[in-house]
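Q: Start from the sequences, fold in the hints, and give me the full structure.
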Amino acid sequence: MVDITIRKRPRTEAVVTQRKFFKKTARGKVIKVLRERYLRDDVGCGIQGCSACPGSSDDALPMAGDQRHQLFPHGHFVLPDTNVFLSQMDLVESNLFMPPIILLQTVIEEVRHRSLPLYNRLKALIKMDDKRIWVFYNEYRSETAIIREEGETPNDRNDRGIRKATAWYNDHLRVTRPPIRGQPPPNLPTVVLMTEDAANRQKAEKAGLSCISVRKYVEGMKEPTQLLDLLAAEGSTDIEPTRAVAGRQALYPDYIPTGTLLAGIKAGELYQGHFNANQYNYLEGSVPVPAFTKPVLLIGRENMNRAVHGDVVVVEVLDEKEWKAPADEVVDQESTLKNDDAEDSGEEAEEGDQVIRKEKQVLLSEDVKRTSEKQPTGRIVGIIKRNWRAYVCHIDSTSLTTSNATSLSQQTVFATPVSRLLPRIRLRTRQAPTLIGQKILVTIDRWEATSRYPEAHFVRALGKVESKEAEQESLLLEFEVPYRPFGKAILDCLPVEGEQWVVPPKSASSPEWKDREDLREMIICSIDPPNCQDIDDALHARHLPNGNIEVGVHIADVSHFVLPDNPMDSEAASRGTTVYLVDKRIDMLPSLLGTNLCSLRPFVERLAFSTIWEMTPDAEIVNVRFTKSVIASKAAFTYEEAQIRKDDPNLKDDLTVGIRLLNTLAQKLKAGRMAAGALNLASPEVKIYLDSTESTEPIDVEQKELRETNSLVEEFMLLANISVARKIQETFPQTAVLRRHMPPPRTNFEKLQDILLKRKGLTLDVSSSGALAASLDKCLDPDEPAFNTLVRIMATRCMLSAEYFCSGSVGRDTFGHYGLASPIYTHFTSPIRRYADVLAHRQLAAAIGYTPLHATLHSKSHVERVLDVVNRRHRMAQMAGRASVEFYVGLALKGRNEREKGQVREDAFVIRTFRNGLGVFVSKLGIEGLVMFKRDIQFDADNYTITVPASMASGAKDVTIAVFDKVTVNIEVEKDKNTQRGRVKMTLVQPVDSSSM
Amino acid sequence: MGSRVEILNEGGFRSDGRRQYELRDMTIDLSQQGSADGSAVVTHGLTQVLVSVFGPREAKMRSQTIHDRANINVEVNVAAFSTGERRRRTRGDKRILELAATIKSTFEPVVQTNLYPRSQIDVFVQVLQQDGGLLQACINGTTLALVNAGIPLLDFVCAVTGGVHETAPMLDLTLLEENDTPNVTVAVMPKTGKVTLVTMETRLHVDRFEKIFRLAGDAGKVIHGEMKSAVKTRTSALVTAMGSGPRVGAGDAADRDADERMNEY
Ligand SMILES: [Zn+2]
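Quick note, the sequences are listed as chains A and B, same order.
Note that the first sequence covers residues 1 to 997 in the UniProt record's numbering.
Note that the second sequence covers residues 1 to 265 in the UniProt record's numbering.
Hints listed in this document are in silico derivations from the structure and should not be mistaken for laboratory results.
Do not take every clue at face value.
List of simulated lysine-lysine pairs, DSS-like, C-alpha gap at most 27 Å [unchecked claim]: (1) 514/A <-> 211/B; (2) 94/B <-> 32/A; (3) 216/A <-> 206/A; (4) 860/A <-> 32/A; (5) 584/A <-> 966/A; (6) 294/A <-> 924/A; (7) 194/B <-> 228/B; (8) 294/A <-> 266/A; (9) 232/B <-> 8/A; (10) 985/A <-> 924/A; (11) 221/B <-> 104/B; (12) 321/A <-> 294/A; (13) 324/A <-> 266/A; (14) 975/A <-> 778/A; (15) 211/B <-> 860/A; (16) 860/A <-> 94/B; (17) 266/A <-> 123/A; (18) 468/A <-> 778/A; (19) 321/A <-> 266/A; (20) 127/A <-> 468/A; (21) 191/B <-> 8/A; (22) 29/A <-> 94/B; (23) 8/A <-> 221/B; (24) 966/A <-> 934/A; (25) 127/A <-> 222/A; (26) 216/A <-> 123/A; (27) 8/A <-> 104/B; (28) 8/A <-> 211/B.
Because the structure is a prediction, the values reported are computed rather than measured.
A: Pasting the structure below:
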């Protein structure tokens with residue numbers, strides 16, 4: 001029996017042990033919340049062999065501390081404050097930085113409050129075996145718990161708590177190691193408060209605590225050089241506090257204090273939202289806020305006030321008469337900022353004058369020309385939360401003061417991020433010369449009001465630009481795809497038989513066969529793309545004696561192998577999805593499962609989870625049942641093979657008959673779906689053919705071909721997903737894992753509707769998905785078959801993306817899937833590569849009484865948390881996949897350019913018009929590009945046209961080009977001379993030659 | 001986003017600093033309240049209820065009289081200020097009626113009602129403050145108030161809530177924990193080990209149920225100890241106040257005294 005006790009809470013200490021606060025609910029009600037806290041004396045200090053604390057084998061801190069630091073010969077422990085983790089995480093993570101660390105609960109909570117990504121990194125850090133980190137729950141220990149005093153900010157309260165814990169630790173060491181009579185007093189190790197905050201240090205020193213800044217600490221280490229580069233840029237409060245800073249002129253307005261911001265938001269005077277940078281124009285950004293239908297526009301550096309894409313910011317909206325329209329121009333920071341000097345120091349204001357003048361000019365000239373509709377315009381007055389991560393960059397070689405490759409002197413250089421949404425970054429490094437031509441990873445530390453650019457520190461080099469490894473890794477980093485190999489703890493969760501695992505012989509005693517149907521005789525086959533290794537679905541169909549048809553969808557039984565809450569499950573949950581790049585697949589589950597044990601290969605017995613319907617010949621469902629099963633697939637077809645087989649009239653075997661049956665039913669199902677208003681969406685999909693795994697250059701790029709059999713498989717997967725969704729929602733109404741696609745707000749379509757009407761005289765009815773589908777069908781241009789696809793692609797971009805959700809967390813009326821026109825939907829059919837499917841499998845297994853539902857899947861908050869991660873991973877994976885295709889399209893273009901001597905020409909559609917250029921879409925390559933003109937030309941924003949005057953067009957007449965026009969472009973890949981960043985450059989060939997414009 | 005409070009952190013602490021099997025501070029006040037024949041104010045952490053017992057007395061309404069035993073009438077009233085959200089719960093509120101019915105059916109087999117045919121025992125439960133474990137507080141309070149009123153019971157009824165966070169069982173949940181974990185309330189009669197009540201409003205994995213059920217039963221015995229010593233203190237205080245009778249000493253004698261008194265009626 002476990003020890004059950006009552007914790008007594010002394011009444012006299014009610015001040016410390018009770019906490020009252022007020023909370024506002026989503027519906028605006030104010031709630032009084034009373035919480036209590038039990039203070040205790042058994043919270044361990046984590047020092048091995050401590051005589052006062054309950055000893056435990058996982059005490060992380062060595063008894064004598066760390067004795068290798070020069071400043072602390074008697075040994076020490078480091079106790080960092082919150083800011084150390086917020087600003088120096090790269091350093092703390094480095095395997096060169098290994099002091100024993102005392103991590104306070106207060107600090108962890110503050111980090112979580114300030115930055116979720118950093119909190120996750122911190123949690124991973126605590127788990128690392130080689131780091132000696134002890135979490136001390138100071139808020140629960142009676143001597144170290146504190147409460148906020150009247151008038152004290154939360155920040156000050158936490159700082160005080162951290163100092164109190166430091167003092168306690170030092171006392172604790174003293175008390176637990178008293179001097180022994182007749183012996184010299186023992187040399188006690190020191191617990192050192194590590195903080196970047198000078199004021200906090202002063203207070204600590206006054207209280208007799210030992211404290212140190214990160215830089216001082218690192219400088220005192222035995223091998224400081226490598227670590228010094230990892231150090232975040234110096235805080236202005238630190239080390240050289242005066243001269244330079246004082247003399248520097250602020251370039252940006254100061255932020256309003258957080259308290260005032262929050263009050264302003266509450267009062268409805270300020271608005272909070274995510275900052276979106278504009279990829280076409282670095283001097284413009286926007287913040288969507290619920291109060292306005294259009295996002296709040298921010299024009300110019302000062303108004304964007306140091307926000308970086310993704311930050312949560314607070315904007316103030318200007319008076320309506322100052323509202324402006326977004327510029328119609330492409331403004332590129334490389335050209336405008338070409339001459340700015342990275343070595344800023346005190347002279348930024350003067351040298352920068354030129355930049356300011358130039359940018360002002362750009363803005364002014366735009367102002368005159370802004371023609372589109374005005375929208376709320378404002379400025380950023382504060383930041384709620386920075387969402388900075390590590391960014392992949394190139395070093396701008398012109399910003400180097402010395403390119404002497406052996407020089408190890410520190411210099412300040414510019415780093416240009418790969419993403420066009422980010423500003424140029426200022427970086428201090430000792431390794432600048434060796435980093436030229438490499439892809440590097442940097443972390444932004446801060447952005448002062450006196451500095452034009454954010455300041456960052458170097459994390460590591462990824463490799464040479466355009467080398468396959470560097471490009472791949474940088475892509476994974478940019479989209480935050482976890483790609484480390486699976487660790488031992490995870491691999492230990494796999495069956496011990498490994499590749500030799502087989503379904504055991506059928507017997508009543510075998511756990512594998514318990515409650516499983518034997519479907520091994522069933523004529524089941526799989527249909528997939530060529531070379532598919534992770535076959536997670538297979539199908540069958542046969543006539544029933546009553547004239548109906550039995551159809552089965554058999555999905556790999558992944559949840560048999562991935563058990564809830566073990567290390568493999570947690571890893572899969574945090575990866576969320578398998579990521580497909582052109583030349584690499586980053587698996588969600590170890591490949592033993594994906595490509596073998598859970599792959600429904602032909603002629604092998606495999607465990608499956610089957611959905612079996614009885615259908616009428618008209619594809620009406622008579623009934624559906626779900627069962628765990630054992631199957632042995634009879635064939636693995638490619639789409640093409642299945643198609644050929646189906647179309648060959650000489651074949652009458654069971655497999656072929658099955659495929660034909662499936663095909664007829666699928667066509668009826670599809671017709672039914674379309675009639676219900678499902679959308680036929682399109683996205684530019686191209687296929688990259690790689691010559692071999694060694695060469696980096698793809699041999700060809702072509703558009704994906706879709707066959708009837710693609711649609712066959714798709715229809716039945718949709719059907720299975722819908723049937724499963726119904727079942728799990730019925731059984732677990734609070735926590736079913738579902739997927740939905742919200743209907744897009746009508747305003748999203750306004751622009752496209754206007755363009756279609758003005759350019760083609762076509763109307764787009766967006767009142768429902770059915771109406772949209774119908775009017776999309778009518779968007780035809782008899783001369784241009786690709787036009788319809790183009791409109792579909794553009795319409796798809798106006799929509800919201802689908803998302804996973806927990807059924808108990810949203811209103812029943814928002815369950816619908818807009819694109820599929822289904823009232824309910826989930827993902828069940830790809831558990832090898834999507835984590836949501838694994839959850840759906842577990843819920844379905846519980847719903848049919850095969851296993852009880854794991855406790856975690858009863859918890860709404862747990863399901864919500866997991867799905868939040870999965871949704872994010874899913875989005876990132878899509879973007880990473882697209883970026884990978886783009887990279888290879890770029891390589892293919894480069895190769896073609898060399899072979900065809902710069903004459904790569906393709907047809908393209910105009911999709912946007914700018915005052916100084918055109919946005920075009922090359923459907924054959926699935927890429928978008930910009931055609932830029934050096935001079936402004938006649939531009940009609942209302943009618944989406946530009947007109948090239950006869951004089952420039954070197955022809956007899958003016959040439960007008962409009963959105964949806966088909967043009968011919970010449971495509972080149974040019975490398976930026978300074979940063980080596982490759983970019984696609986397009987020039988117009990037809991109807992006019994724009995190379996000289 | 002889920003809630004930002006960790007129900008059980010990696011160090012094994014719950015959000016209020018307790019460990020899994022630690023119950024909240026429990027206080028019991030058995031002093032006289034108004035004209036009640038017996039009353040008790042019980043707190044578990046920040047949950048506080050006042051239970052007053054009137055009777056046994058003559059049944060007021062004929063329709064409620066039972067010819068061979070006493071009728072137990074339970075009414076629950078939730079003070080508007082008891083939760084953070086000020087909200088008046090009327091007597092007819094379904095949840096409150098359910099709570100009253102649960103208390104009634106828990107005590108019907110425990111109170112020796114057959115000793116008082118055609119009479120009525122009124123139990124009024126006033127919820128003063130709520131922070132999880134409301135039913136447990138009501139049941140423990142009712143037991144104590146009945147004892148205090150001198151109404152014979154077969155045994156104490158001691159209730160505890162248990163929950164399962166992911167896979168870890170926890171006892172005596174706060175409101176925050178109750179909202180986030182599947183939970184059960186178990187009431188036991190410590191002497192016989194009989195379970196008189198198990199309620200569950202959320203789903204719970206069967207495998208976990210057994211464990212938490214056993215734990216809650218054991219915790220009931222711990223609560224019993226607390227209740228017994230409060231009764232003992234109250235009895236000895238009364239005895240001392242009356243200035244007569246045998247002085248009640250510490251230890252088992254007093255223990256038996258309190259227990260036996262109940263059986264004798
Ligand atoms: Zn200790």
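Q: Given the proposed pairing of residue 94/B with residue 32/A, does the C-alpha separation stay at or below 27 Å?
A: holds, 24 Å
Q: Would the pair residue 324/A and residue 266/A pass a check requiring their Cα atoms to be no farther apart than 27 Å?
A: Satisfied, since the Cα-Cα distance of roughly 26 Å is no more than 27 Å.
Q: Does the structure keep residue 321/A and residue 266/A at a Cα separation of 27 Å or less?
A: holds, 24 Å
Q: Below or equal to 27 Å on CA atoms is what counts here, so check residue 860/A against residue 32/A.
A: holds, 24 Å
Q: Within a Cα-Cα threshold of 27 Å, do residue 294/A and residue 924/A meet the stated pairing?
A: With a Cα-Cα distance of about 33 Å, the restraint between residue 294/A and residue 924/A is violated, given a limit of 27 Å.
Q: Are the Cα atoms of residue 8/A and residue 104/B separated by 27 Å or less?
A: Status violated; Cα separation ~30 Å.
Q: Hinted pair, alpha-carbon criterion (27 Å max): residue 266/A, residue 123/A. Please report holds or violated.
A: Violated, at roughly 33 Å.
Q: Mind checking the alpha carbons of residue 975/A and residue 778/A for me, to see if they're no more than 27 Å apart?
A: Not OK: residue 975/A and residue 778/A at ~42 Å, beyond 27 Å, violated.
Q: Would you check the hint for residue 216/A and residue 206/A, treating anything up to 27 Å between C-alpha atoms as holding?
A: holds, 19 Å
Q: Keeping to a limit of 27 Å between CA atoms, is the pair of residue 584/A and residue 966/A held or broken?
A: violated, 35 Å
Q: Residue 8/A and residue 221/B: Cα distance at most 27 Å?
A: Satisfied, since the Cα-Cα distance of roughly 17 Å is no more than 27 Å.
Q: Does the structure keep residue 194/B and residue 228/B at a Cα separation of 27 Å or less?
A: holds, 18 Å
Hint check: violations occur at hints 5, 6, 14, 17, 18, 20 and 27; the rest are consistent with the structure.
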